[in-house]
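Undergrad: Okay, here's what each chain looks like letter by letter:
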Amino acid sequence: MSMNMNMKFEPKIMAFVCQWCTYTGADLAGTSRMQYSPYVKIIKLPCTGRIDVQFIVKAFEEGADGVIVSGCHPGDCHYTSGNYYARRRFEMFHELMSFVGVDMRRIQFAWVSAAEGRKWAELVNEVSKRVEELGPFNVFHALREQANELNP
Amino acid sequence: MKSYNSSIVTKQGLKQLIENILAHKYRLLAPKKSGEQLSFETILRAEEVVLNQLLRTMTTLSPKEVFFPRTEPVLRYTGQEMHDVEPPTPETVLFGIRPCDARGLELLDKVFTWDYNDKFYLKRREATTIVTFACSDQASVDEHCFCLGVGGDPTASSGSDLLLSTNGDDAFLLEVITEKGERLLNSCKEGVELQASDKRAADQLEAIKDRFVRKQDLTEVRHKMPEYFDSDQLVQETYRCLGCGICAMSCPTCHCFDIVDEPKAGTLGEGARVKNWDACSFALFTKHAGGHNPRELQCQRCRQRYFHKLAYYPQKFSEESLCVGCGRCSRSCPVGLDIYQAVTHVLGKGRA
Amino acid sequence: MNSIHEVREEARKLLEEKRVGMVIGYGKGKGKKNYPIFITDPQKVEELHFESDCFYNLAVYLRKPEVCSHGKLAIVVKGCDARSVRGLFSENQLKSEEVVMLELKCDAKGIGRDKCTTCRVKNPLTPEEKNPIDGEIAKILAMPMEERFRFFAEEFKRCIRCYACRQICPHCFCKTCIVEKSEPQWISSTPSPLGNWSWNFTRAFHLIGRCVECGECARACPVGIRLDILNRYLAKSVEEKYQFIAGMDEKAAPPLTTYKQNDNQDFIR
Amino acid sequence: MARIGVFICWCGENISRTVDVVKVAEAMAGVPGVVTSVEYKYMCSDPGQKIMKESIKNDALDGVVVALCSPLMHEKTFRTAAEEAGLNPFLLEVANIREHCSWVHENKEEATKKAIAITRSTVERVRYNLQLKNITVPITARAMVVGGGIAGIQAALDIANGGHEVVLVERTPSIGGHMAGLSETFPTLDCSQCILTPRMVEVARHPKIKLYSYAEVESVSGFVGNFEVKIRKKARSVDTSSCTGCGICQEKCPQKNIASEFEEGLGKRKAIYVPFPQAVPNKPVIDRKHCLYFTKGKCKICEKVCGPKAIRYEQEDEIVEERIGAIVLATGYETLPATFFPEYGGGRYPDVITGLQFERLASASGPTSGELKRPSDGRRPETVVFLSCAGSRDLAKGISYCSKICCMYVAKHAMLYQHKVHGGKAYVFYMDVRASGKNYDEFVRRAIEQDKAIYVRGRVARVYEKEIEGVKKLVVKGADTLLGEQVEIVADMVVLASAVKPSVGAAALAQKVGTPYDQHHFYSEAHPKLRPVESNTAGIFLAGAAQAPKDIPESVADASAAASKVQILFSRKEMERDPYVSMVNSDRCFGCFSCEAVCPYRAISRKEIKNRSGEVLKVVAEVNAGLCQGCGGCIAICRAKACDLAGYTDQQIFSAIRGFNTTSTYEEEVVKK
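Quick mapping for you: the protein sequence lines, in order, are chains A, B, C and D.
Using the working numbering, you'd call the opening residue of the first sequence number 5 and step up by one each time.
Using the working numbering, you'd call the opening residue of the second sequence number 3 and step up by one each time.
Using the working numbering, you'd call the opening residue of the third sequence number 23 and step up by one each time.
Using the working numbering, you'd call the opening residue of the fourth sequence number 2 and step up by one each time.
There may be inaccurate statements among the hints.
Label-pair distances were calculated between CB atoms; the ranges are [what the hints assert, rightly or not]: (1) D/E468 / C/K282: 49 to 59 Å; (2) B/G81 / D/S220: 54 to 64 Å; (3) A/D80 / D/S614: 43 to 53 Å.
BS3-like mimics (lysine-lysine), calculated; alpha carbons at most 25 Å apart, straight line [stated by the list, open to error]: (4) D/K478 / C/K197; (5) C/K117 / C/K86; (6) A/K133 / D/K109; (7) C/K117 / D/K619; (8) D/K478 / D/K439.
Keep in mind that the hints were calculated from the coordinates and are not lab data.
A virtual CB, placed ideally from N, CA and C, is assigned to each residue, including glycine.
Full structure from sequences and hints, please.
TA: Shown next, in the form of structure tokens:
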């Protein structure tokens, strides 16, 4: 989160993507010169199956306002089944996150294939817009600020 | 130390005193209900102090946290630079602790000064005036209390600056113990009706003693403890310990801490070196970097705690044990472990 | 088994015939609360005791090295504890041939808290059909998002990191917990609002599909954090989504270690 | 303290147009541990690489970040360059500021800020990069070819002639595939069996080829160079080693009215049978579904008449295991059956047949010995209508693609018909004629010009039966789109050039070997242009019509190409793999084996940790680096964080997350300047 009086809110959105599908899809969006919101930053991983929920929690701890998790469509996993396990993990993560009151509009899971540069661009724009509208993730940022105050 | 100076104060007067403390911009800490727990919290309005409650129920965690917080930074860093940290030390009144807690602070003083003067602890001590409530209410003493067995006294004044005790239904006895206490009282007694008295909290001692279930004297135990170091009985007594740290964290005298570097979230290269509560019952407490753990089993860790309380500390500092008999550890232990019971069983001095 | 007498008899036989090296059960001091006891001497089986306030989940002791060193073990279990033991089997922490379960029906009066009001395994062998409605969960679900967040953030803030929740949990069997791992330190070990949130969140996540709802974590917590609500909610979700109840079938794979090709993905774009 | 070099590329204007690369370099120069931060017009050019290489040496760098295009473009280039300069190549990371930044953003300030964040995050990550070494794995120089059609035969022979052992697995009792059943082949009209059967015999005789006919792949585990394959040898009920192939059993078998698969249902066979006279192996098999002994429990005539006593009723399926280094999938195709086309009367009228059935009618070894006769009544067909694109390019039938071979074989069929039925009339309904091969168009022209096939451009709407003068005729109603009028042809026979599709079970096999396939279940090639015979899974190659509709010369070319890929692989004793594999810290591991459950490669095994006196202290997970493909699923499931993935360690990701979310005031100032 970075916000100050004269500046507009520029959300920090972290994207955890698999290198085979979504990363390549985002490359395709680039080579196709599709224009999209600059707030989403990508961390490349081998597979959605590698994505630990700790990554997402950490992203919020460090100040993210939103998170995207994206990889190969079911059936397309380079490692055959990584995204299937990930799907269950994220479903339960979704359950727990919303139960403890995290607005799940801040976290978007998506399947974006290497051919879906367009979908990637749309996803980024959609999530950016949504998080911009939701504003900074203040309830979570407050925890960090309190923690930092505790250890000034 | 001044000779004693007691007065009777009404409930209303006590309330006024509290209001005056707040009005004089002291930070006031007193037991307050949070959730189902009673804990020391910052008091903003006098009515938040519920006297009946604090007389009858002991806080889950001891007041040591006021001086030795569960976490505090000892230095800060920005990039390559390091900065000293000065502990924030607002003038504080700690209200409503028990005589055992107050005594615990005196024991801690020795730990934090014997080879190095821990400024974080000491500055807070200096800035804090302690108003103790003697365990003079019918319900102040429960079946876990055993201060009498470790050299304590439910009406004792040591470690306190002011000592309160009940005096009939709606009045209290207020004793000035130290100059610090006197200073506080003098600065805050405006509108508080004080009626001089020759009574002392200690007058009630004999009556209160009767309420104790646990009266076994453990003070001499330290001489016997070494014989029981390898005792099977002690192992039996502590076999069910699960190695959580509740006993240490709720204890008024456990003082072990861990030092870790905490990067400041949301920044790079900034952070603090912090001191966090630790506990000898944690499996990692003595684990060496190479993987060896000299206290491999939980009963060994439990033994360490008992020995530290009852044998090592007395050997090192004084004839007093490091346990003040507040009973918090056995009250909170999720598997019903009990230092008093374990030690009395093992030493064959009878059952509780 | 129907009564503590049968349990004692069985325990005596097991010990006498050296089929087990230790019996873990409930004992009782004179006029005192019950507490876990460990019996190796067949003469002492009379110390075994059982009544409605035997709330401990003794399965936690099955992973203690000093207990395991006694070889095969027998353990007195209520329904919820039996689920734990089976869960430990399914996660390769114990071999079923090394543990004898002495199962007892539990009437769970007086233990209090929702743990027992929502319990469905009072009789370990014939679990009841449906989870009773859980008022605590309903209360949370009725809150708007931010209120929920504040509620749990406030709960977690109190955490002093004594780790009693972890230590009393039979399923938190990691030798070194994630919070004790540095490089990277995913979860700060400092009791601060941020690290506390991550710690309690992560522990709940790690118990998904594994927690048997024994409620011991909430009972143990010295600062009264309602960890049980979280775990019960997740157990309920797991059952609804994957028709999985932890610790019912030791052969069944925990739900996050398996998948179906047609698993729900409504939440995925 | 790290010594990191940051090298930022302008990519001409590709990056510099929207990213202020000078500012990025300036911002990175202020990051602790960064000892050099420079930009250059074309970092990937020789002079650009030289800047980096010299800096690696002169500044004693222990980490490098190159900020430029996607790592898929140039990661390899720069890692090789770094290695040449003496730096472990895995200490270099790419920050993608082109595809993920300059090309997708217009606002220069925003793009610059994002480029700084991306580069900063990569710098934070690279601090924790480990010096990795490629993994070498031994290669078993032994191939398996699945499918014994022409593609499989060619691939097997080429590999075997290259000196490597081959295991050839064929599902049916004989190799030969569809080609064995064809009459003559376009565009030369030479006899299919005449060119194929010598190859089949060569396979049978080849000392390097081990043939499993009537067998299927049961399972495949392992990885390139080291596959463990289980093959199910289906019970033939005949001991092939003692059987001499004399044929007496087949002759005496009383069950004689079974539709022959080889004859496309137009001929009959026995319950014990050799599919066709030139079959390889030339050993019979008992069809247990039809055998009297197996269905009724009585008969056993074959056993009685068998001289060498080779009949084995009690035989069971047998699983054999083979160690294989590379696999060629050549499982071929099938065509849609006539019954798929009710509008054309397929399945209802016996004289509506498919192209493959026509091949059998026209074949000298076929059920009519090459004489053209109607299946219904054996009459010579005076008029035949050929329908091309039956199902192909027809979205209503679910097939979007062109079956490719039909145009040519329809022309061939028209020709063969004219050669066999002088004066007969051959009509061809077509959408387009696609004859783009060597001598192909000439061949079609010959059919039209010399053999007078009548080509009608248009589609057939329906075919129905009509009795004319006591003979059942087929009325073909369609449109001639060139003339713009309806046409109606009274024919004796209708031949459907029905669409080509992958063999049944192609997808199941792909799942067993772990290679992708498309929506039609054709196997997917790794790259449509540059890697047409490789699959995306290392060590799995593709040949023939299993990948897409193909004619014989293409299938053979594919097969040889796949064989040469296999031989390239086999030319080395071991191969190098990137080192991104999982590793387990056995001190932290407590043996829940969740990792084992989620590992798609069976790369996790159980290891006992013992003390000095040999007692087992605990059982922990261990990763077989040869099997591990580096997906990282085990790490995400591990609660104790006992495993980690080289190249994508938790610490690297942790630092990258921290690097992204943090913008120092210094960096913000640089942007604002």
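Undergrad: Confirm or reject each hint.
TA: So, going through the hints one by one against the coordinates:
no.	hint	in the structure
1	D/E468 / C/K282: 49 to 59 Å	holds (56 Å)
2	B/G81 / D/S220: 54 to 64 Å	holds (57 Å)
3	A/D80 / D/S614: 43 to 53 Å	holds (51 Å)
4	D/K478 / C/K197	violated (79 Å)
5	C/K117 / C/K86	holds (15 Å)
6	A/K133 / D/K109	holds (20 Å)
7	C/K117 / D/K619	holds (12 Å)
8	D/K478 / D/K439	violated (34 Å)
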